[in-house]
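Enquirer: Sequences and hints are given; from them, build the entire structure.
Each residue of the sequence shown is one higher than the one before, counting from 1 in my numbering.
Don't read these hints as lab results, they were simulated from the structure.
Do not take every clue at face value.
[To be verified] Derived pair list, reagent style EDC-like, types lysine to aspartate or glutamate, alpha-carbon separation capped at 20 Å:
1. 402 to 379
2. 197 to 154
3. 308 to 346
4. 312 to 339
5. 47 to 128
6. 108 to 66
7. 141 to 205
8. 312 to 345
9. 197 to 158
10. 47 to 154
11. 124 to 155
12. 47 to 158
13. 312 to 342
14. 101 to 67
15. 316 to 233
16. 47 to 159
17. 197 to 155
18. 47 to 162
19. 316 to 305
20. 316 to 339
21. 124 to 159
22. 124 to 136
[Unchecked claim] Derived DEER-like restraints, expressed as beta-carbon distance ranges:
23. 339 to 155: 25 to 33 Å
24. 64 to 93: 16 to 24 Å
25. 254 to 158: 34 to 42 Å
26. 305 to 163: 46 to 54 Å
27. 90 to 139: 44 to 52 Å
28. 124 to 242: 34 to 42 Å
29. 413 to 345: 40 to 48 Å
30. 410 to 120: 33 to 41 Å
31. 201 to 64: 29 to 37 Å
32. 124 to 104: 38 to 46 Å
33. 204 to 312: 55 to 63 Å
34. 48 to 266: 33 to 41 Å
35. 93 to 284: 38 to 46 Å
36. 101 to 266: 30 to 38 Å
A quick note: this is a predicted structure, and the numbers were derived from the prediction, not measured.
Backbone N, C-alpha and C define an ideal beta-carbon position, used for all residues, glycine too.
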Amino acid sequence: MIASSSRSLLPGSSRTRLADVASSTVKLARTAPLHRTLASVAKNSSKPPTGILLMNMGGPSTSTAEEVGDFLSRLFHDRELIQLPFQSRLAPLIARRRTPKIVNQYEKIGGGSPILRWTRTQGKAMTELLDQLHPETAPHKVYVAFRYARPLTEEALDEMAEDGVTRAVGFTQYPQYSCSTTGSNLNELYREIQRRKQRGAPEGEISWSLIDRWPTHPLLVEAFTNRIQAVLDTYPEEKRNKVPIMFSAHSLPMQIVSGRGDPYPAEVAATVAAVMTRLKWSNPYRVTWQSQVGPAAWLGPQTSDTIKGWAKQGHKDAIVVPIAFTSDHIETLYEIDIELQEEAEEHGITLKRAESLNDEPTFIRAMAEICTSHLSAVDGTPSKIADERRGEDVWSQGYTSKQMLLRCPGCVNSICAEQKAFFGRT
Numbered sequence: 001m002i003a004s005s006s007r008s009l010l011p012g013s014s015r016t017r018l019a020d021v022a023s024s025t026v027k028l029a030r031t032a033p034l035h036r037t038l039a040s041v042a043k044n045s046s047k048p049p050t051g052i053l054l055m056n057m058g059g060p061s062t063s064t065a066e067e068v069g070d071f072l073s074r075l076f077h078d079r080e081l082i083q084l085p086f087q088s089r090l091a092p093l094i095a096r097r098r099t100p101k102i103v104n105q106y107e108k109i110g111g112g113s114p115i116l117r118w119t120r121t122q123g124k125a126m127t128e129l130l131d132q133l134h135p136e137t138a139p140h141k142v143y144v145a146f147r148y149a150r151p152l153t154e155e156a157l158d159e160m161a162e163d164g165v166t167r168a169v170g171f172t173q174y175p176q177y178s179c180s181t182t183g184s185n186l187n188e189l190y191r192e193i194q195r196r197k198q199r200g201a202p203e204g205e206i207s208w209s210l211i212d213r214w215p216t217h218p219l220l221v222e223a224f225t226n227r228i229q230a231v232l233d234t235y236p237e238e239k240r241n242k243v244p245i246m247f248s249a250h251s252l253p254m255q256i257v258s259g260r261g262d263p264y265p266a267e268v269a270a271t272v273a274a275v276m277t278r279l280k281w282s283n284p285y286r287v288t289w290q291s292q293v294g295p296a297a298w299l300g301p302q303t304s305d306t307i308k309g310w311a312k313q314g315h316k317d318a319i320v321v322p323i324a325f326t327s328d329h330i331e332t333l334y335e336i337d338i339e340l341q342e343e344a345e346e347h348g349i350t351l352k353r354a355e356s357l358n359d360e361p362t363f364i365r366a367m368a369e370i371c372t373s374h375l376s377a378v379d380g381t382p383s384k385i386a387d388e389r390r391g392e393d394v395w396s397q398g399y400t401s402k403q404m405l406l407r408c409p410g411c412v413n414s415i416c417a418e419q420k421a422f423f424g425r426t
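Expert: And the structure:
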């Protein structure tokens, strides 16, 4: 059976994790004297919060046909993700046809996606750390902007307007950048900002910077390593380092990868290499790809095909690691925990899954340190975390990463050019 700790998310374990986070908070707060931290937070308590906009694709919070249908319709209308002929007409038809099947999948994982709940949990724990690590920009408040499910980008900006936010960081929850994921989120954010500028809304003048990728942050790598090591430790010592590991990420059409030159596969590989280095290359492994849709060529090998291939070669055990996801959602809870598990059992393989990052304390600390380094670099405020490697990491190079400013060589989307110029202030 899959070793997924999503099965053990009980109130007691949650309290234990939050206690761990609180303990980490105390340790991290030592980067600033306590009297300076408390004084700065008190001084800033009356000012508008610094907004931290967590961006992701999202998912329907219930399994109702209406909510799932709306989610699919937005997804199939997005030309930055999928390009179809007569898309405005075909997208709603495809969404309606697929809705019953996807409703059934969400019902099997508890009646909806947990991604919003996890995003809010992560954000709350992260800002509690961030207020202490970087009191100069405190208080910080998390806002959630999903691309295809509520809360949508426009709803997040409405909430920021109500709070009087004037400074915000767009923080992608995809550690590895792709034009079809983070890029799509940012294009939508840019379009919404421009709409508000045109009607003179104050939130159209928010000062923005971006954390647009973070595939090799040391604490992200440590968090993944912790999850993998927990699974490895369940095997007897004589077998432990022989079990092959699949690092599974969401696939992309080859048209996007080889046609446009999307950096996503390289950044996924960078995360995997960093994790395996930390594991001291203890096990054989492969990068695999899941969630392919339609007959066109996509990145391979597929995760399901890898299981079948290993079974033919005589493997009896395997570990799967969702390396491009920061929380549980349908691709972990249904595609891996149900579909892939069934395929593994049919082919005689015992499959175990590394738990998703969710509220893992090291991962929460990673989010807080990334924001601290970024805010310090952009705003010129002191931070021991940032000063040690300022400018060396993609999340602390300025308003955006240097990579963000470079368009894919095959890009023909004019919005991408406008969006990059806007956020990069070029």
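Enquirer: All the hints need checking, so say for each whether the structure fits it.
Expert: To see whether the hints hold, each was checked on the structure:
Distance check on the hinted pair: residue 402 and residue 379 sit about 17 Å apart at the alpha-carbon level, within 20 Å; holds. For the hint pairing residue 197 with residue 154, the CA-to-CA distance comes to about 13 Å; that is within 20 Å, so the pair holds. Straight-line distance between C-alpha atoms of residue 308 and residue 346 comes to about 9 Å, which keeps the hinted pair within the 20 Å bound. For the given pair, residue 312 sits about 19 Å from residue 339 by alpha-carbon distance, which is consistent with the 20 Å threshold.
With a C-alpha separation of about 17 Å, the suggested pairing of residue 47 with residue 128 holds against the 20 Å cut-off. Taken as a hint, the residue 108 and residue 66 pair is honoured in the structure, with Cα atoms around 17 Å apart against an allowance of 20 Å. Straight-line distance between C-alpha atoms of residue 141 and residue 205 comes to about 18 Å, which keeps the hinted pair within the 20 Å bound. A threshold of 20 Å between alpha carbons decides the hint, and for residue 312 with residue 345 the separation of about 13 Å falls inside it, so the pair holds.
Among the hinted pairs, residue 197 with residue 158 is consistent with the structure: their alpha-carbon atoms are about 13 Å apart, no more than 20 Å. Distance check on the hinted pair: residue 47 and residue 154 sit about 23 Å apart at the alpha-carbon level, beyond 20 Å; violated. For the proposed pair residue 124 and residue 155, the alpha carbon gap of about 19 Å is at most 20 Å, so the pair holds. Distance restraint check for residue 47 and residue 158: the Cα-Cα separation of roughly 18 Å lies within the 20 Å cut-off, and the hinted pair is therefore satisfied.
As the CA atoms of residue 312 and residue 342 are separated by approximately 16 Å, the hinted pair is consistent with the 20 Å bound. This hinted pair checks out: residue 101 and residue 67 have alpha carbons roughly 13 Å apart, not beyond 20 Å. Proximity of residue 316 to residue 233 is assessed by CA-CA distance (about 17 Å); at most 20 Å being required, the pair is judged to hold. Simply put, residue 47 and residue 159 have alpha-carbon atoms about 16 Å apart, close enough for the 20 Å limit, and the pair holds.
The straight-line distance between the Cα atoms of residue 197 and residue 155 is roughly 16 Å, inside the 20 Å bound, and the hint therefore holds. Restraint check: the Cα-Cα separation between residue 47 and residue 162 comes to about 13 Å, which is no more than 20 Å; the hinted pair holds. Taking the CA atoms of residue 316 and residue 305, the gap is near 15 Å; set against the 20 Å cutoff, the hint holds. A threshold of 20 Å between alpha carbons decides the hint, and for residue 316 with residue 339 the separation of about 18 Å falls inside it, so the pair holds.
About 16 Å separates the Cα atoms of residue 124 and residue 159, which keeps this hinted pair within 20 Å; it holds. Taking the CA atoms of residue 124 and residue 136, the gap is about 18 Å. The hint holds against a cut of 20 Å. Between residue 339 and residue 155 the beta carbons are some 32 Å apart, a value that agrees with the proposed interval 25 to 33 Å. Judged by the Cβ atoms, the range 16 to 24 Å given for residue 64 and residue 93 holds: they are separated by roughly 20 Å.
Against the hinted window of 34 to 42 Å, the Cβ-Cβ separation of residue 254 and residue 158 comes to about 38 Å, which satisfies the hint. At roughly 48 Å, the beta carbons of residue 305 and residue 163 sit within the given window of 46 to 54 Å. Hint check: residue 90 to residue 139, Cβ distance near 46 Å, so the stated range 44 to 52 Å holds. Remark: the range hint 34 to 42 Å for residue 124 to residue 242 is upheld by a beta-carbon distance near 40 Å.
Evaluation of the 40 to 48 Å hint for residue 413 and residue 345 yields a pass: the beta carbon distance comes to about 43 Å. Separation of residue 410 from residue 120 is about 37 Å and conforms to the stated range, judged on CB atoms against 33 to 41 Å. At about 32 Å, the beta-carbon gap between residue 201 and residue 64 stays in the expected band of 29 to 37 Å. The hinted window of 38 to 46 Å between residue 124 and residue 104 is violated, with their beta carbons roughly 32 Å apart.
The hint said 55 to 63 Å for the Cβ distance between residue 204 and residue 312, and at roughly 58 Å that hint holds. With their beta carbons about 38 Å apart, residue 48 and residue 266 fall inside the hinted range of 33 to 41 Å. At about 44 Å, the beta-carbon gap between residue 93 and residue 284 stays in the expected band of 38 to 46 Å. The given range of 30 to 38 Å is respected by residue 101 and residue 266, whose C-beta atoms sit roughly 33 Å from each other.
Consistency with the previously given hints fails for numbers 10, 32, ordered from lowest to highest.
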